[in-house]
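All chains, please: the whole structure from these sequences, using the hints.
Number of protein chains: 2
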Amino acid sequence: MERFPEQFCDQLRDLMSWRRDVRHFHADRPVDDAVLETVLEAIRLAPSVGLSEPWRIISVKSDAARKKALVNFEAANADALSGYSGERAQKYAGLKLSGMRDAPVQLAIFCDESTEKGAGLGAGTMPEARRYSVVSAVMNFWLAARAHGLGVGWVSIIDPKQLALDLRADEGWALVAYLCVGWPMEISQTPELEKAEWEKRDPLLAEVQER
Amino acid sequence: MERFPEQFCDQLRDLMSWRRDVRHFHADRPVDDAVLETVLEAIRLAPSVGLSEPWRIISVKSDAARKKALVNFEAANADALSGYSGERAQKYAGLKLSGMRDAPVQLAIFCDESTEKGAGLGAGTMPEARRYSVVSAVMNFWLAARAHGLGVGWVSIIDPKQLALDLRADEGWALVAYLCVGWPMEISQTPELEKAEWEKRDPLLAEVQER
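Residue numbers (my numbering), protein chains in the order written: chain A, 40 to 250; chain B, 40 to 250.
Hints should not be assumed to be uniformly reliable.
The list cannot tell twin chains apart, which means a pair is met if one copy fits it or any two copies do.
Below, in silico cross-link-like pairs of lysine-lysine (DSS-like), each with a Cα-Cα straight-line distance of 27 Å or less [stated by the list, open to error]: (1) K234 to K156; (2) K239 to K156; (3) K200 to K239; (4) K130 to K156; (5) K200 to K100; (6) K156 to K135.
These aren't lab readings, by the way, just hints derived from the structure by calculation.
Right under this line is the structure:
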């Protein structure tokens, strides 16, 4: 396919603008395995440095594992709150920053830093490129999920090393993202942080400098 | 839009499978400014931690700037080659790993680690989340570019600090990606590294572990 139809390009733009970080899920509406598998396939289609395909996934299902992840988030969140004062602190305390209590599917996405796949190509000068490959996979997943009507929330207020320990991740796996997945309570083109008046998006892309 | 039409979901999957890392460009076919601007808009639609929107872009246009970037790549590439021996070294030497000599548009994508936008939300426990936001923006750009028929190649064999210096990037900007953009010589669903028998993709996503 040389280029995709104009209509598809417009829809892709719509998809990107309707993709939001979701923190409010229908706790009682499970995600069908077949839908989840279809969406997970998008991970395989992501670029990876040297074809290393370093993405590794742990589905956090048991009450015990979820509890540990939640305790981790709550500690990191309390710590973050303590770094703000005055109005900012009040605003921060009022934000809902994870859907971990409700999301029916929760995925911990790791980067296998120790993989020999790809024989290190492209990761010598910028070893972080492996983690960036995993982020690319998360974006593919996020867009595919949204296309199917699923909401995704990325929790980064979490101690990655503690979570890796708690989930008994393999040696050499580094946490890149903790994803909450489920059917969203509402859909929107406006980020929650903008609605909550925490921050605004810039209406324009910052100027592209030239050299 | 609750969910997108089935046909769109299928096309999105196609788009992801036709998105490749491109290193062979038509050097004599310029990219229209209007197309580039449309595709750059996809960056604005990416998620960013705390709504920090930390992406910064330098378009590498002048002969002098391109020369410096190319010299940087060639040194890093020679260095990488010296880490292989025997058949691997021979194969590595035969790979074309960047389209920097041909690509009509070249963009250095940075993360502004010093931005106060977003007031640090979500970047306390995992400061790397800011760079991950920039990678998300690169993925949006890549997919939008491919939809419009443009090829993108991500060069990670480059000394990021040297490039930031050479391009006189602002204090606090860290290089995330060097992108070559242009009209591809060929389109494919198979990665160049697979064609060159450097590495194969796994036919299936690795097993999702459960905890």
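Given a CA cutoff of 27 Å, do K156 and K135 count as a within-copy pair, a between-copy pair, both, or neither?
between (39 Å within a copy, 19 Å between copies)
Is it within, between, both, or neither for K200 and K100, if the alpha carbons may be no more than 27 Å apart?
Classified as within: same-chain Cα gap 19 Å, cross-chain 42 Å, threshold 27 Å.
Is it within a copy, between copies, both, or neither that the alpha carbon of K200 lies no farther than 27 Å from that of K239?
Answer is neither; intra-copy 31 Å and inter-copy 30 Å both fail.
How do K234 and K156 come out at 27 Å by Cα distance, when the copy is not named: within, between, both, or neither?
between (43 Å within a copy, 16 Å between copies)
Is the C-alpha distance from K239 to K156 at most 27 Å within one copy, between copies, in both cases, or in neither?
between (41 Å within a copy, 9 Å between copies)
How would you classify K130 and K156 at a CA-CA limit of 27 Å: within, between, both, or neither?
between (45 Å within a copy, 15 Å between copies)
In this structure, the one hint that does not hold is number 3.
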